[in-house]
Amino acid sequence: MGRWLDFESNPWGQEVLQGVSLELMYLAIGLAVLFVVGHLVWYRSRGFSEHEKTADIQGSVAGIPERIVRHTLPSRIFHWTMGASMLVLLITAFVPLLGLEFAWVTIHWIAGAVLILTIIYHVIHSILWQDFWSMMSFNVREAIGHFRHLLSSKSTEPEKPGKYPFDHRMYHQGIVVVSLAAIVTGVLMTLRIKTPFWEPNAYYPLVDQAISGLNELGEPAITVLPGEATGFVFVIHGIAGVALIVMVAAHIYFAIRPDKRYYLWGMIRGWIDRKQYLAHFDPDKWSVVDGTIQESPPGGAIADSTVSAPRVDD
Amino acid sequence: MAIIRDMIPAFELFQPTTVEDALALMAEHGEGGWVLAGGLDSYDWFKDRIKRPEAVIDLGGIDELKGIIDGQDGLEIGAMTTLTEIVRHERVRSEYILLADAAEHVATPQIRNQGTLGGNISQDTRCWYYRSGWACYRAGGNTCYAAAPQAMNREHAITGTSRCVAVNPSDTAPALVALDAKMTVRGRRSSNVYDAEDFFIGPATDITRMTVLEPGDLLTQIDIPSEWANAHFYYEKVRDRGSWDFQLVSVAAAFKTSGNTIDDARIAVNGVAPFPVRLDAVERLVKGAAVDEALAIEAGEIAIQGSRPLKHNEYKQPMMSNLVRRAVRSVA
Amino acid sequence: MGEAESVGLLETKYSRRKFIKSVIAVGATASSAGYFIGGSGLLGAQSSGTAERLITLTINGQQRRVDVLPNETLAMTLRYRLNLTGTKLGCDRAECGACTVLVDGVNQYGCSMLTNQVRGSSITTIEGLENPDTGELSLVQQAVIDEGGFQCAFCAPGFIMSMTAMVNENPNPTRAEAAHALSGNLCRCGDYDKILNCAMRAAELARSV
Amino acid sequence: MAEKIIGTDIAPQDLVAKITGRAKYAEDFRADGMVFAKLLLSPMPHARVRGVDTTKALAMPGVIDILRADEVRQIEGRPGEASLTDEPLYEGQPILAVAAETEEQAAAAIEEIEVDFEPLPFVLDPLDSLRPNGPNAYTGGNRFGGGEFSELKWTDADFEEIEAGRMPNGEAAVEWTKGDIDTAFSESDLVLEESIVHQSLTHHPMETRSAMMYWENGKLHAFVSTQSAQRTKYAIAGTLNIDPEDVILVAEYCGGGFGSKISGNTHMEVPAVFSRKIGRPVMLRITRYEENYIGRARPGFQSWLKMGFLDDGTCNAIDLYIVQESGPFGAGDFNTAGMIADLVYTPQNMRFRGIAMYTNTPPKAAQRGPGGAQIVIMMEPILEKAARQLGLDRLEVHLKNAPDADVGFGPRNSTLTSVYAKEALEKGAEIFDWAGKQELSGRREGSKVTGIGIGLSPYTAGSRGYDGLMVIHPDGKLYVHQGLGNLGTHSIMDTARPAAEILNLNWDQVELVWGDSSRGMPRSSVQAGSQTTHAHSRANHAAGMDARAKVLEVAAQTLGGSPSNYDMDNGRVFRRGGGASMTFAQVAERAIELGGRYDGHELPDNIHATTVPAANMLAGQGLMGVARDNYGGSGGVYSWVAGFALVELDEETGVVDIKEYVAVTDCGTVLHPRSLGAQVLGGSIQGMGQAMTQRWVFDPKWGVPFANRLYTARPPGILDVPLDMKADAVGIPDPQTPVGAKGIGEPPVGAGGAAVTSAVADAMGGHCLCRTPLTPDIILAELEGLSQPFTLEQHIG
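The listed protein sequences correspond, in order, to chains C, Y, F and U. Residues in the first sequence are numbered consecutively from 1, following the working numbering. Residues in the second sequence are numbered consecutively from 1, following the working numbering. Residues in the third sequence are numbered consecutively from 1, following the working numbering. Residues in the fourth sequence are numbered consecutively from 1, following the working numbering.
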């Protein structure tokens, strides 16, 4: 099993937290593989079809266009830029640790900067121009339904979702937390290296001070050992990093699964076709009828106003 | 664990007499093995008890690694040739005085009598944070202690840094880059020849090493091609003391000239980066140019483009610039 | 002679792959029983592995059998095993030159070489400069007497060894060349002027021999 | 006629031992059953030991025992150094010691000891400690007085002044004035004001403070490295609280001290106590790394100086404020610096303010010319600037301001026995060809500019009232017993010369007895502050006169007549005008027969109590000369050195090459010209190192020193000094001492350093960098118009 955290002596000979151990990376890679294999096994064991479900579209096509816009061009550019920077970040972070040496640091922090810019764009864009709650909503009943389905073959399939299905939303929330952790710590780490924007500083005096208190003599006591703030930052970044290995692996796995191909196409072409729309989504929750915005049913997603106008981007 | 210095921890000593045996021993001991050339860098590590190899492989008994051979194309210098031998070697002095000059600037006579060319170019950095055994990036940790606003980084790098800001301490390294030397590196199963400038690597590539040498690799030979024999050379090293001191900045340059026109040039600077820096831009500038003060000044200015000082080593920019200027000026 | 042979035998015995494994036992046995304590009482004190550590050194023209550890420096062997305390430790880091000895006539720092590396070499220390028969001082030592050299003289043995190497190599140095030749030795009393006078006087004596 | 001894070059008696390796320094001694002790050093600049786990270490092979702080003498309630401590005040302070059969085992055991340190706030730079809310070196505060610690902080306004480059007005610990500086400055034709930094720097003698000790029959046998033998015996006895006669001190040679081993050192206690505890001889081999921490250092100064000049070059006012970096246990350099500033420039109006701040850096101690060297090295470039602005020659300015014998200086208007500073300046200027070299000043060749400089440096050079002890043995030789240390100045031999001359002996008829307290050591000065030559040429003169009188009396008693009928030469005492004579051998035999005062069975009442045991030990061995120096005198004894340097400054690299150096001293009668020359030039070279290369570097975050190797501390090597240097002496005897000789150790340091800083200022066209060391980076940054990375920081790197 080994130790997941690395400790080192600080210059005063005190053992301080240093970062996560290399073993954690191997663990993450292992988990990623296990997840994929596990999912495959689970999927097969439940006898689900490897192919995309098709829907009966008779009688329900009124007002539904042939192509339904799922992701606008700006959204897609955001997604792919973010994805590319994330992959670059992961590759530059972990491949050198696997033994292939190259000058990774500059690429890594530049990719990180790109990631931050895309996320800032995404946050502004999603708040101002997208339906923020289509992604951010959470419904307990829906969650219970999903877990039942996951665990029991007898449970009924979950209801069809709105624009973003439950697992997508959960994944999104998870990646928000993990990425933010990686980003905040990444920025703190970048402060310690030479970039064109600032002089490097090996220490976090503010962090050090913030966690110092007074000892029983009323003198400043160093409650966190000197230099250990660095270790915390590295640990959080490291944990976030290895978590991202698993999450990104899972993401890619689902993206390329044949039964979920319509998501991939949606993200590549920007649209899905009417059949896919009707097969996988609840038109009540994700309305694409011309010009109309419908009331969101309880727990459902609100229609995205930007996609409600049928457009073809590509 | 309390720290104690100046006692060499126990190790097993192996004294192979052939390169093959040395390579076998190195392979056998892997990370636990330590290759000893002249030993002057190694003993510091041992005495500080920071490096504790289980097996030390002393190359001193391998005759094939010693001596200078007049090769077909220039000189073939065994990695275990002492610096004194290089300083005194007739052909080095007559055709490649740049190398003799550089070797003579190493530390002290006693060290040159024992230190080897291979050891001199493979030695580790002298960053005092690193050498104090602190868990810095280069030592596998997560901090560059020299890159803090208050850190003592007068001797550190102004260019070529990546997290680590230590400098390469070798006096002969820039001379070998300027001479376009080729390094033969032997592993157990392979043998590679590197250009001098590729032999030295920066922290961007591998933050724990100064050269391409990995455990199991042995630098066996340094070839000096005749291409630059009898060129016009310039070597200068600025240091705090006249002996036993590492460079603040040093420059090694080779110029092929006709009159005061530079036909070709190779210029390298050390003490400014984690590796000897070859100044391609300056070389391009001076190639084909007639040397005058304006060219020298421009060369000096171009040399430091892109460099960025730390808090306490801004002086290295003008020092480097001036040394490059002097090197170019020396042609006229 | 006999001792030299026995070392050779050991080398053969332990050089299956043509390398010399100079010691087989490291650890408790090897590092106990009086490491760093002078005199010969410790020889044969160990139950096993002893023979492998016995080597023969040629010091000041004499063959000396000595029990050394693989990680032991020549200066330590001289000072703590052979009681040749004229070789001083000023820094133990190849910086000050107080430990300078001649290895096959070449001046080197005794603190920064392993004793095992000089098995085949002839070592000269400050104690070996006088004429062994007459006790006459070497010409470098005489030059120092002539010039009244050195103050605290802790550096003197090292300087004298470097001067000896210098005059052997270049008995006609300029003052600058002499300074260069002695630049591996440090004198904290700052007696460099007089030390250079000694070096120049030594060269003069060497030339007149 | 016996040869002339005073003023001649004679190779020191111990030279053959020194150059054949036979001379034994402390670490060269061995004893049966000797074990090795190693020190565990504090990794933090200020901490408290909460707990120590030695279980693993004690179980290791060869480990004998561990010595803790509670087993050695502790100094409670005030700043004071113990050899081992549980509250380390600097990184590298010894916490405990381990003894093992081998040194390697002891080292390995140290690594297995777990010490739980609680880090405490620390301060490296004295100005930081004076800042409002700045850290203190002690938990109780940053100053000590009236039996307790308290806090002294300057105000934000004071620091605004400092940041503006002006002299602060924060509270000082010491302040004295003479005249009226405000009026004087208003009358000055030129006023210069500078803020100056002088670094702290380690002593780094070649021999570290290793010691070997054992106990036998209740007596401690101590083999140590010390500057002053007899006084060290008493220091050890005092520390251990034992009878001094139970200490057998062996210190025949000392590989340099420079003020760091005045009466031995604090850490001698470790082998003394440890060997008593374990009943085995203990060798404490101090490594260079350890020496860097416990080996002492010169205190650094941050200071502000305002000097007023009249247009004829007269310095009419000085206002000086010094903040001193004192380490954890204090030092007095800054006080001396104020005195020396007054003495060299003799302003009629002066204010001195100073404060010594405790810091968590390795301990400070006197280093050759303490305070004096710093101040002249700092002030000389300002004088260069002033002379340039006044259009005067620096030599003239010095001559104008240098004192005469009637000088009164410092807060108590101290007087001196003699002053020949002007003579030293004039003679030095002549040898150096100061006038002729004027045209070289500012000469430019390529990127190299020439500068010339003067440094004038005085320092104390004598003391009075010690004892001389000597015996003429039946072998006819005079045995002079010296309680001094043999630290390389040759004064241990040279101060016996007066006795030899008084007895008209040839030098080969004189044997020196030194370095072993069991052979009898009279009360001696500490060998510091350049006292020895003055103090002991007098003491041996007195004892020599005593011996001479006794020889004449013995002759008269034996051969008839009165002592005044007799004279002596070459080891014989004879009746004037011919007739009966005796050899000294016969005199010695006769003195033993006569007993009483002749052979030391009766001693003079006025000798020191600590001389008596030594004299008793020697009683009955021959004719004893024993006396106290009662020659008296008034005023301080100071020697002077005027140094002249020529440097070449490379404006493209900032590198300074010292090309020429001349030093002339006023140290009274010259006992031994060649050794004097060595002292003068050696000291000057130390000053050059101080001015140009030596430094101490701390990481401010961790409080850890980095210049802890010789190559990082950078003492000058043979290539850092001129190839040719000249030393000479004025040679005018001091009128108040019978031999006329004064000491010389201290003053050359300031002269050498100041001549060089002055020459650099000259090469830079009268620009004063006002900080040391003048390393290439600092000079180049100035020449290239870069901002200096350091302003008032004490430790740079």
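Just so you know, the hints here were simulated from the structure itself, not pulled from any lab data. One thing to keep in mind: the hints can contain errors.
[Stated by the list, open to error] Label pairs and their in silico Cβ distance ranges:
| no. | chain 1 | residue 1 | chain 2 | residue 2 | range |
| --- | --- | --- | --- | --- | --- |
| 1 | Y | A27 | C | E50 | 44 to 52 Å |
| 2 | U | K4 | Y | G67 | 37 to 45 Å |
| 3 | U | E439 | Y | D280 | 30 to 38 Å |
| 4 | U | K4 | F | T174 | 30 to 38 Å |
| 5 | U | V174 | F | T174 | 50 to 58 Å |
| 6 | F | T174 | Y | R91 | 23 to 31 Å |
| 7 | C | T195 | Y | D280 | 17 to 25 Å |
| 8 | C | I120 | Y | T257 | 50 to 58 Å |
| 9 | U | G238 | Y | R88 | 37 to 45 Å |
| 10 | U | A609 | F | E169 | 53 to 61 Å |
| 11 | U | L58 | Y | A27 | 34 to 42 Å |
| 12 | U | A405 | F | E169 | 48 to 56 Å |
| 13 | Y | A332 | U | R444 | 17 to 25 Å |
[Stated by the list, open to error] List time: in silico EDC-like cross-link candidates among lysine to aspartate or glutamate, alpha-carbon distance up to 16 Å:
| no. | chain 1 | residue 1 | chain 2 | residue 2 |
| --- | --- | --- | --- | --- |
| 14 | Y | K51 | Y | D124 |
| 15 | Y | K51 | Y | E31 |
| 16 | U | K726 | F | E127 |
| 17 | Y | K51 | U | E111 |
| 18 | U | K726 | U | D433 |
| 19 | U | K659 | U | D433 |
| 20 | Y | K182 | Y | E76 |
| 21 | U | K24 | F | E127 |
| 22 | U | K726 | U | E782 |
| 23 | Y | K256 | Y | E283 |
| 24 | Y | K311 | C | E199 |
| 25 | U | K56 | U | E111 |
These numbers come from a predicted model, not from an experiment. Ideal Cβ positions, reconstructed from N, Cα and C, are used throughout, including at glycine.
Earlier hints that do not hold, by number: 2, 3, 9, 16 and 22
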